[in-house]
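*Asks:* Each chain is listed here by its residues.
Number of protein chains: 2
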Amino acid sequence: MNDPIKIGIAGLGTIGSGVIKNLLRNKKELEDKYHFRFQISGISAFNKNKVRSFDVNQFTWFDNPIDLAKDTSIDLVIELIGGESGTAYDLAIEAIKNKKGLITANKALISSHGKELSELSSSNNSFIGYEAAVAGGIPVIKTLRGGLILDKINGIYGILNGTSNFILSRMSEADKSFEEALLEAQNLGYAEADPSFDINGLDAAHKLSIINSLCFSEFPSLEGISVQGIENILTLDHKYANEFGYNIKLIGSSSNIEGSLRKEVSPTLVKINSSLGSVSNVSNVVCINTEYSGTLVLEGEGAGEGPTSSSVLSDVVDFALDIKHHLFNKKHNKLTAPVSNKNFIERCYYLRVFLADQKGAMSNLTSILGKNGISIDQVIQRGGIHLKDEKNFTPVIMLTHPIDSESIDSAFSELINTDLISMDPIFLPVLKDNL
Amino acid sequence: MNDPIKIGIAGLGTIGSGVIKNLLRNKKELEDKYHFRFQISGISAFNKNKVRSFDVNQFTWFDNPIDLAKDTSIDLVIELIGGESGTAYDLAIEAIKNKKGLITANKALISSHGKELSELSSSNNSFIGYEAAVAGGIPVIKTLRGGLILDKINGIYGILNGTSNFILSRMSEADKSFEEALLEAQNLGYAEADPSFDINGLDAAHKLSIINSLCFSEFPSLEGISVQGIENILTLDHKYANEFGYNIKLIGSSSNIEGSLRKEVSPTLVKINSSLGSVSNVSNVVCINTEYSGTLVLEGEGAGEGPTSSSVLSDVVDFALDIKHHLFNKKHNKLTAPVSNKNFIERCYYLRVFLADQKGAMSNLTSILGKNGISIDQVIQRGGIHLKDEKNFTPVIMLTHPIDSESIDSAFSELINTDLISMDPIFLPVLKDNL
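Line by line, the protein sequences are chains D and P.
Position in the first sequence (from 1) plus 3 gives the number in our numbering.
Position in the second sequence (from 1) plus 3 gives the number in our numbering.
Heads up, some of the hints might be wrong.
No distinction is drawn between identical chains; accordingly, a pair holds when it is met within one copy or between any pair of copies.
DSS-like, lysine-lysine: derived pairs with alpha carbons at most 30 Å apart [claimed, not checked]: (1) Lys274 x Lys242; (2) Lys31 x Lys334; (3) Lys9 x Lys334; (4) Lys155 x Lys31; (5) Lys274 x Lys179; (6) Lys155 x Lys30; (7) Lys102 x Lys31; (8) Lys435 x Lys274; (9) Lys327 x Lys337; (10) Lys100 x Lys73; (11) Lys30 x Lys334; (12) Lys9 x Lys51; (13) Lys73 x Lys179; (14) Lys337 x Lys24; (15) Lys327 x Lys31; (16) Lys102 x Lys327; (17) Lys155 x Lys391; (18) Lys394 x Lys30; (19) Lys435 x Lys242.
For the record, the hints were derived by calculation from the structure and aren't laboratory data.
None of the values given here were measured: they were computed from a predicted structure.
Sequences and hints are given; from them, build the entire structure.
*Replies:* Written out as structure tokens, the structure is:
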């Protein structure tokens, strides 16, 4: 057996503490199965004196995490601080420059600095593991860095944010309002005090941009991903979607349609019994639609101490086995700028408006839609349902025939400038494939 | 870039031809992404003159596949002949002894000779890839050889045979009889002319035994796996199961319950909307229930040229990257004999009998069940339903309360010795977890 791998860990919150416990618990397994030993040579966090689930005094404490990357005795730096810039970024760069292995769970870092990181890692021939950055305990990064990447990928569709999926599930299954479901998520520790990125779709978009890089050989970027959050979804939208046979899920998707990539994060109608439609609570799921191997579906826990620290450990194993992949499958100089979003592909939409209780309103509404090329497949309007503050408006729900997004945008702009409706209308895409 | 990897391929049926096409199609990708070149240095099959989807004359032909393993210029042998012994076995052993890498899609070989293969591969420090042997295009072997294996696995549950899943799906969804569904599977090329192993559960058992080795550090073996096929399932069983909220699927499962392993392949009632219950056609699915990472679900195409050849290619990449794992995660001398099946764990069962239309029959039936400790949770008996050849017998369907399998076996023996019923009764376990 070789010398032990010397590990430095920065960030000792839930995940960091979990990684330390998981490493110690698996000491013997790692020796037995993979023939390596390790030693935790340094730890660092903002506050040494915080109460933690392990005894910090058994390890060497570094006041400044950057020093872990500078310490000549350390081989592998595990960054679990988080945040797209600041200390996490400085630590990552320093670790690579000093030819150390780097493992991170930081999707914002990988997404925002992917170009620089891939360049640096190519020139330093360094190991960067980030399995934990996307979809917690689901080995989606390894699957996309391994053999599957030889297959042509037609599209990738996923529930990439557990918090928003929990909220949507509770609205749909327990009849909660958005605010009640969010509060419940916060009480259970699923949502941060500031849950903006979970709710506005940006967390899912960060993850999608990383997946895009692996699948489509481009630098990760939020540019070109159209992002819509879940904040405007009402409990009644779930009910009506259910009536049509769908659930509403926050889906991150990149579809390669006739050579053009459409990339988006949006609340989306997916068939109730499909792989995407049947995933509840904080679970994540990723469907990879390939040219030759059909569709592969990976589903599991999207976050939390256990799943995420297991993913970090799987990267430690890869480091020990000296498994080196390019950061995004191809060498830095073979990656391209992100391809921009093409929205000309037609698909069906779910439309919900609160329509004025006045004569001719429905006729005016359908006329605006018709003028924009939108034709209606199904409509539900029932008497006696009103919003609390809008007594004179009734919900009208429609499923459209396939239409491009430009027409939808144009109808949206026209609608919000009339007196026909209260509140902005919502248009949600309907996923065609039964994924 | 290093010297090209010299590959020999034995067996040129659907999968073998697919591997060759897939390799040639990915030549540039393999160079770009993984920095290796390859060359197909030899091919072999039983009949050189068979019509194939590629031109055999562009490669060196070996009349005897074993010579591929002896040829000093070949680095990697891909065995796609099939069969647990004979040429496939000889070729595998010869390849390992000659320190060549070995890739195989042969579950019967790995399952039946796992002990010898793990010993030989340990002493020769050789590469053996068998991703394609279990669940076609789903990377279940890599997932279980990678980081996940550090987690404690509580149980693994899967639909491991696409043909039988197709048959069960067609019976359930299209109201076909077993014979009609089998014929359809054969016409579509999903089932062999002799589909025995697909139908009697042995193919699934082979795969389960390999998974067991990876999860529970034992030599693979069919011993201790209780196996029941799908040949006795009737179309009406699907209907009644549906009424109770379940689908009937052929499930291979190993559950680690209180330190005892229960291993079985059996038609099983699974919740209609669960991951296992919602998988139709020839798809496979594997649910891995772990102590720390929750449940991971992998679903995809279980067979066919595309998925299987993609899995073979992913092994070629591992060989090129020099990723070496022990055959079954641990060194040969740390594997144990297979733990035997424990059936004392109680669970619910689905029971179907054809009960004689005679006074007191139901009372006699429930009395036999009661005597064996079996108590009934739900019963369905409807008038007017009879088997074609058994006009005087009516189907009676029951869901039992939890009970051990010994009691079930005892009730079965008693029932078949009475005049109360025609045909053997069927007892199917009900999966408790909502997987």
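*Asks:* Within a copy, between copies, both or neither: which one fits Lys274 and Lys179 at a CA-CA cutoff of 30 Å?
*Replies:* Both: 21 Å inside a copy, 25 Å across copies.
*Asks:* One pair to classify: Lys102 and Lys327, alpha carbons no more than 30 Å apart. Within, between, both, or neither?
*Replies:* Both, since 13 Å and 24 Å are each at most 30 Å.
*Asks:* At 30 Å max between alpha carbons, let me know whether Lys435 reaches Lys274 within a copy, between copies, both or neither.
*Replies:* both (9 Å within a copy, 25 Å between copies)
*Asks:* Check Lys73 against Lys179 for me: Cα-Cα at most 30 Å, and say if that holds within a copy, between copies, both or neither.
*Replies:* neither (50 Å within a copy, 68 Å between copies)
*Asks:* At 30 Å max between alpha carbons, let me know whether Lys100 reaches Lys73 within a copy, between copies, both or neither.
*Replies:* Classified as within; 9 Å inside a copy, 46 Å across copies.
*Asks:* Between Lys274 and Lys242, at a C-alpha cutoff of 30 Å, which is it: within one copy, between copies, both, or neither?
*Replies:* both (14 Å within a copy, 23 Å between copies)
*Asks:* With 30 Å as the alpha-carbon cut-off, assign the pair Lys102 and Lys31 to within, between, both or neither.
*Replies:* both (27 Å within a copy, 29 Å between copies)
*Asks:* With identical chains treated as interchangeable, where does the CA-CA distance between Lys435 and Lys242 reach 30 Å or less: within a copy, between copies, both, or neither?
*Replies:* This pair counts as both: shortest intra-copy Cα distance 20 Å, inter-copy 29 Å.
*Asks:* Within a copy, between copies, both or neither: which one fits Lys31 and Lys334 at a CA-CA cutoff of 30 Å?
*Replies:* Close across copies (13 Å), not inside one copy (36 Å); limit 30 Å.
*Asks:* Since the copies are identical, ignore which copy is meant and state whether Lys337 and Lys24 lie within 30 Å (CA to CA) inside a copy, between copies, both or neither.
*Replies:* Cα proximity of Lys337 and Lys24: across copies only (25 Å, versus 39 Å in one copy).
*Asks:* Classify it for me, Lys155 with Lys391: is the Cα-Cα distance of at most 30 Å met within a copy, between copies, both or neither?
*Replies:* Neither: 50 Å inside a chain and 51 Å across chains, both beyond 30 Å.
*Asks:* Cα distance capped at 30 Å. Does Lys9 pair with Lys51 within a copy, between copies, both, or neither?
*Replies:* within (21 Å within a copy, 55 Å between copies)
In terms of the numbered hints stated before, the structure departs from hints 13, 17 and 18, listed from lowest to highest.
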